[in-house]
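The numbering of the sequence shown is full-length UniProt numbering, which starts it at 1 and goes up by one.
Hints listed in this document are in silico derivations from the structure and should not be mistaken for laboratory results.
Hints should not be assumed to be uniformly reliable.
Cβ-Cβ distance ranges computed for the label pairs, FRET-style [claimed, not checked]: (1) Arg25 <-> Pro46: 45 to 55 angstroms; (2) Ser17 <-> Tyr85: 37 to 47 angstroms; (3) Leu130 <-> Tyr90: 25 to 35 angstroms; (4) Ser176 <-> Thr132: 14 to 24 angstroms; (5) Asn62 <-> Val105: 56 to 66 angstroms; (6) Asn62 <-> Ser33: 15 to 25 angstroms; (7) Val212 <-> Asp102: 21 to 31 angstroms.
Fair warning: this is a prediction, and the values are worked out from it, not measured in the lab.
Quick reminder that beta carbons are idealized off the backbone N, C-alpha and C, glycines included.
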Amino acid sequence: GGTYILGDRMRVNHLLSFNARVYARNVDYSRVSYANPAYIQSATQPYHLPNKPGNYDFWLPNPSYDPAAAFGSDLAGNAYHTYLYSTQQYGFMPHFTLNLPDNQVKFGADWSHTKLHSAEYWYGSNPMPLVTGYNNAWDEHDERSLGSVFAQDTIRLFGGTVHVTPGLKYMFARTSDFDNMGFYYAGNGTVSDSEHYTSPTLGINWRPVRHVSLYAAVGQDRQRSPVSRRSTTTSASRTPRARPSSFR
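I would like the entire structure built from these sequences, with the hints used as guidance.
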(Lines of atoms letter the chains of each structure in order from A and count residues from 1; the text may use other names and numbers.)
(Lines give C-alpha, C1' and ligand atoms only; values in the text may rest on other atoms or scores of the structure.)
Protein backbone atom coordinates (compact mmCIF):
# COMPACT_ATOMS: atom_id res chain seq x y z
CA GLY A 1 0.00 0.00 0.00
CA GLY A 2 0.93 3.68 -0.12
CA THR A 3 -0.16 7.25 -0.77
CA TYR A 4 0.85 9.09 -3.95
CA ILE A 5 0.37 12.83 -4.60
CA LEU A 6 1.28 14.87 -7.67
CA GLY A 7 0.71 18.63 -7.64
CA ASP A 8 1.48 21.83 -9.49
CA ARG A 9 1.28 25.49 -8.46
CA MET A 10 1.32 28.37 -10.97
CA ARG A 11 0.91 32.13 -10.95
CA VAL A 12 -0.80 33.08 -14.21
CA ASN A 13 -0.53 36.86 -13.67
CA HIS A 14 -0.68 39.38 -10.82
CA LEU A 15 -4.40 38.60 -10.35
CA LEU A 16 -4.79 34.86 -10.86
CA SER A 17 -2.95 31.85 -9.44
CA PHE A 18 -3.91 28.21 -9.13
CA ASN A 19 -2.74 24.90 -7.74
CA ALA A 20 -3.94 21.41 -8.58
CA ARG A 21 -3.29 18.01 -7.07
CA VAL A 22 -4.08 14.46 -8.10
CA TYR A 23 -3.69 11.72 -5.55
CA ALA A 24 -4.09 7.98 -5.09
CA ARG A 25 -4.03 5.77 -2.01
CA ASN A 26 -3.94 2.00 -1.64
CA VAL A 27 -4.21 -0.18 1.47
CA ASP A 28 -3.98 -3.98 1.20
CA TYR A 29 -4.13 -5.87 4.51
CA SER A 30 -4.53 -9.56 5.26
CA ARG A 31 -4.18 -11.57 8.45
CA VAL A 32 -4.31 -15.27 9.29
CA SER A 33 -4.71 -16.30 12.94
CA TYR A 34 -4.85 -19.66 14.70
CA ALA A 35 -6.81 -20.65 17.80
CA ASN A 36 -5.77 -23.94 19.39
CA PRO A 37 -8.85 -26.19 19.82
CA ALA A 38 -7.37 -27.45 23.10
CA TYR A 39 -7.80 -24.00 24.63
CA ILE A 40 -11.60 -24.10 24.73
CA GLN A 41 -12.97 -23.33 28.19
CA SER A 42 -13.77 -26.57 30.05
CA ALA A 43 -13.52 -28.28 33.43
CA THR A 44 -9.80 -28.87 32.89
CA GLN A 45 -9.24 -25.38 31.42
CA PRO A 46 -11.54 -23.10 33.46
CA TYR A 47 -10.11 -19.77 32.27
CA HIS A 48 -11.70 -17.70 29.54
CA LEU A 49 -9.29 -16.96 26.70
CA PRO A 50 -10.19 -14.23 24.18
CA ASN A 51 -8.42 -16.19 21.43
CA LYS A 52 -10.43 -19.37 21.89
CA PRO A 53 -11.77 -21.13 18.77
CA GLY A 54 -15.42 -21.20 17.77
CA ASN A 55 -17.37 -24.22 18.97
CA TYR A 56 -20.31 -23.85 16.58
CA ASP A 57 -21.23 -24.39 12.94
CA PHE A 58 -22.38 -20.85 12.28
CA TRP A 59 -22.23 -21.29 8.48
CA LEU A 60 -25.26 -23.57 8.37
CA PRO A 61 -27.74 -23.20 6.76
CA ASN A 62 -26.47 -20.20 4.70
CA PRO A 63 -22.95 -20.96 3.37
CA SER A 64 -22.34 -24.65 2.79
CA TYR A 65 -19.21 -25.19 4.93
CA ASP A 66 -19.75 -27.73 7.73
CA PRO A 67 -16.69 -27.61 10.04
CA ALA A 68 -17.63 -30.73 12.00
CA ALA A 69 -18.15 -32.83 8.86
CA ALA A 70 -14.90 -31.59 7.28
CA PHE A 71 -12.59 -31.82 10.34
CA GLY A 72 -14.34 -34.00 12.92
CA SER A 73 -15.53 -31.19 15.21
CA ASP A 74 -16.60 -27.57 15.11
CA LEU A 75 -13.52 -26.66 17.18
CA ALA A 76 -11.11 -28.22 14.71
CA GLY A 77 -12.99 -26.81 11.72
CA ASN A 78 -12.81 -23.24 13.07
CA ALA A 79 -9.15 -23.23 14.11
CA TYR A 80 -7.90 -20.87 11.37
CA HIS A 81 -9.25 -17.42 10.64
CA THR A 82 -8.47 -15.14 7.65
CA TYR A 83 -9.30 -11.44 7.58
CA LEU A 84 -8.99 -9.33 4.40
CA TYR A 85 -9.26 -5.54 4.09
CA SER A 86 -8.32 -3.40 1.11
CA THR A 87 -9.13 0.13 -0.07
CA GLN A 88 -8.27 2.08 -3.21
CA GLN A 89 -8.87 5.81 -3.53
CA TYR A 90 -8.05 8.42 -6.17
CA GLY A 91 -9.01 12.06 -6.49
CA PHE A 92 -8.44 15.51 -7.98
CA MET A 93 -8.29 18.93 -6.25
CA PRO A 94 -8.08 22.14 -8.36
CA HIS A 95 -7.96 25.47 -6.44
CA PHE A 96 -7.87 29.04 -7.81
CA THR A 97 -7.14 32.42 -6.18
CA LEU A 98 -8.06 35.89 -7.49
CA ASN A 99 -6.21 38.80 -5.85
CA LEU A 100 -8.35 41.92 -6.43
CA PRO A 101 -7.74 45.42 -4.98
CA ASP A 102 -10.03 44.90 -1.96
CA ASN A 103 -10.91 41.23 -2.26
CA GLN A 104 -9.27 37.85 -2.32
CA VAL A 105 -11.55 35.32 -3.99
CA LYS A 106 -10.83 31.60 -3.70
CA PHE A 107 -12.76 28.90 -5.54
CA GLY A 108 -12.21 25.30 -6.48
CA ALA A 109 -13.38 21.71 -6.30
CA ASP A 110 -12.57 18.35 -4.77
CA TRP A 111 -13.55 14.95 -6.17
CA SER A 112 -12.63 11.45 -5.02
CA HIS A 113 -13.70 7.86 -5.57
CA THR A 114 -13.08 5.12 -2.99
CA LYS A 115 -13.44 1.35 -3.19
CA LEU A 116 -13.38 -0.96 -0.17
CA HIS A 117 -13.34 -4.75 0.07
CA SER A 118 -13.65 -6.55 3.39
CA ALA A 119 -14.01 -10.31 3.98
CA GLU A 120 -13.61 -12.90 6.72
CA TYR A 121 -13.23 -16.69 6.49
CA TRP A 122 -12.81 -19.67 8.85
CA TYR A 123 -11.42 -23.13 8.16
CA GLY A 124 -9.69 -26.07 9.81
CA SER A 125 -6.35 -25.85 7.97
CA ASN A 126 -4.10 -23.29 6.33
CA PRO A 127 -3.77 -22.30 3.54
CA MET A 128 -7.53 -22.31 3.41
CA PRO A 129 -9.99 -21.93 0.55
CA LEU A 130 -11.42 -18.40 0.31
CA VAL A 131 -14.71 -19.29 -1.32
CA THR A 132 -17.66 -16.93 -1.09
CA GLY A 133 -20.81 -18.83 -0.17
CA TYR A 134 -18.78 -21.64 1.40
CA ASN A 135 -16.73 -20.61 4.45
CA ASN A 136 -17.04 -16.82 4.61
CA ALA A 137 -18.52 -14.80 7.45
CA TRP A 138 -18.97 -11.90 5.05
CA ASP A 139 -17.63 -10.65 1.72
CA GLU A 140 -18.43 -6.96 1.35
CA HIS A 141 -17.75 -4.53 -1.52
CA ASP A 142 -18.34 -0.78 -1.04
CA GLU A 143 -17.88 2.24 -3.31
CA ARG A 144 -18.28 5.96 -2.69
CA SER A 145 -17.90 9.04 -4.90
CA LEU A 146 -17.54 12.39 -3.13
CA GLY A 147 -17.49 15.79 -4.77
CA SER A 148 -17.63 19.43 -3.77
CA VAL A 149 -17.25 22.91 -5.25
CA PHE A 150 -16.64 26.00 -3.15
CA ALA A 151 -16.21 29.77 -3.34
CA GLN A 152 -14.90 32.13 -0.64
CA ASP A 153 -14.44 35.90 -0.73
CA THR A 154 -12.30 37.80 1.79
CA ILE A 155 -13.37 41.46 1.68
CA ARG A 156 -11.11 44.14 3.20
CA LEU A 157 -12.92 47.16 4.70
CA PHE A 158 -11.90 50.34 6.52
CA GLY A 159 -8.32 50.31 5.36
CA GLY A 160 -7.87 46.61 6.07
CA THR A 161 -8.88 46.75 9.75
CA VAL A 162 -12.00 44.66 9.05
CA HIS A 163 -12.09 41.46 7.01
CA VAL A 164 -15.41 39.82 6.13
CA THR A 165 -15.23 36.31 4.64
CA PRO A 166 -18.42 34.75 3.28
CA GLY A 167 -18.21 31.29 1.75
CA LEU A 168 -20.39 28.62 0.23
CA LYS A 169 -19.74 24.95 -0.53
CA TYR A 170 -21.89 22.46 -2.43
CA MET A 171 -21.26 18.79 -1.68
CA PHE A 172 -22.59 15.53 -3.06
CA ALA A 173 -22.01 11.87 -2.27
CA ARG A 174 -23.04 8.56 -3.81
CA THR A 175 -22.49 5.35 -1.85
CA SER A 176 -23.18 1.71 -2.76
CA ASP A 177 -22.70 -1.54 -0.87
CA PHE A 178 -22.87 -5.15 -2.05
CA ASP A 179 -22.74 -8.07 0.39
CA ASN A 180 -22.32 -11.67 -0.68
CA MET A 181 -24.02 -14.46 1.21
CA GLY A 182 -22.23 -15.38 4.44
CA PHE A 183 -23.17 -16.54 7.88
CA TYR A 184 -24.03 -12.90 8.68
CA TYR A 185 -26.19 -12.62 5.53
CA ALA A 186 -28.83 -15.09 4.37
CA GLY A 187 -28.33 -14.05 0.74
CA ASN A 188 -26.73 -11.54 -1.59
CA GLY A 189 -27.87 -7.94 -1.23
CA THR A 190 -27.22 -4.41 -2.47
CA VAL A 191 -28.01 -0.98 -1.04
CA SER A 192 -27.12 2.50 -2.35
CA ASP A 193 -28.03 6.13 -1.82
CA SER A 194 -27.17 9.66 -2.95
CA GLU A 195 -26.95 12.88 -0.96
CA HIS A 196 -26.30 16.53 -1.75
CA TYR A 197 -26.32 19.69 0.36
CA THR A 198 -24.86 23.16 0.74
CA SER A 199 -22.62 24.47 3.50
CA PRO A 200 -22.61 28.26 4.10
CA THR A 201 -20.02 30.03 6.28
CA LEU A 202 -19.35 33.60 7.39
CA GLY A 203 -16.32 34.98 9.24
CA ILE A 204 -15.50 38.48 10.53
CA ASN A 205 -12.11 39.69 11.76
CA TRP A 206 -11.61 43.14 13.31
CA ARG A 207 -8.20 44.54 14.22
CA PRO A 208 -8.85 47.61 16.44
CA VAL A 209 -5.14 48.11 17.18
CA ARG A 210 -1.92 46.56 15.94
CA HIS A 211 -1.27 43.01 17.19
CA VAL A 212 -4.87 42.64 18.49
CA SER A 213 -7.62 40.92 16.49
CA LEU A 214 -11.18 39.97 17.36
CA TYR A 215 -12.96 37.44 15.22
CA ALA A 216 -16.20 35.48 14.99
CA ALA A 217 -17.43 32.79 12.61
CA VAL A 218 -20.64 30.91 11.95
CA GLY A 219 -21.35 28.09 9.53
CA GLN A 220 -22.93 24.75 8.86
CA ASP A 221 -21.26 21.52 7.81
CA ARG A 222 -22.24 17.88 7.30
CA GLN A 223 -20.91 14.65 8.77
CA ARG A 224 -21.02 11.49 6.68
CA SER A 225 -20.74 7.98 8.05
CA PRO A 226 -17.71 5.98 6.83
CA VAL A 227 -18.33 3.88 3.75
CA SER A 228 -17.52 0.71 5.74
CA ARG A 229 -20.61 1.28 7.91
CA ARG A 230 -23.00 0.78 5.01
CA SER A 231 -24.62 -2.64 5.05
CA THR A 232 -27.41 -4.40 3.23
CA THR A 233 -28.81 -5.42 6.62
CA THR A 234 -29.85 -1.78 7.13
CA SER A 235 -33.33 -1.07 5.84
CA ALA A 236 -33.93 1.86 3.52
CA SER A 237 -35.65 3.80 6.30
CA ARG A 238 -32.61 3.39 8.55
CA THR A 239 -29.82 4.02 6.03
CA PRO A 240 -27.17 6.23 7.74
CA ARG A 241 -27.32 9.74 6.36
CA ALA A 242 -25.37 12.95 6.74
CA ARG A 243 -26.13 15.04 9.82
CA PRO A 244 -26.01 18.85 9.92
CA SER A 245 -23.72 20.44 12.48
CA SER A 246 -23.35 24.14 13.20
CA PHE A 247 -20.27 25.83 14.59
CA ARG A 248 -19.49 29.29 15.91
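Hint-by-hint comparison with the structure:
| no. | hint | result |
| --- | --- | --- |
| 1 | Arg25 <-> Pro46: 45 to 55 angstroms | holds, 47 angstroms |
| 2 | Ser17 <-> Tyr85: 37 to 47 angstroms | holds, 40 angstroms |
| 3 | Leu130 <-> Tyr90: 25 to 35 angstroms | holds, 26 angstroms |
| 4 | Ser176 <-> Thr132: 14 to 24 angstroms | holds, 18 angstroms |
| 5 | Asn62 <-> Val105: 56 to 66 angstroms | holds, 57 angstroms |
| 6 | Asn62 <-> Ser33: 15 to 25 angstroms | holds, 23 angstroms |
| 7 | Val212 <-> Asp102: 21 to 31 angstroms | holds, 22 angstroms |
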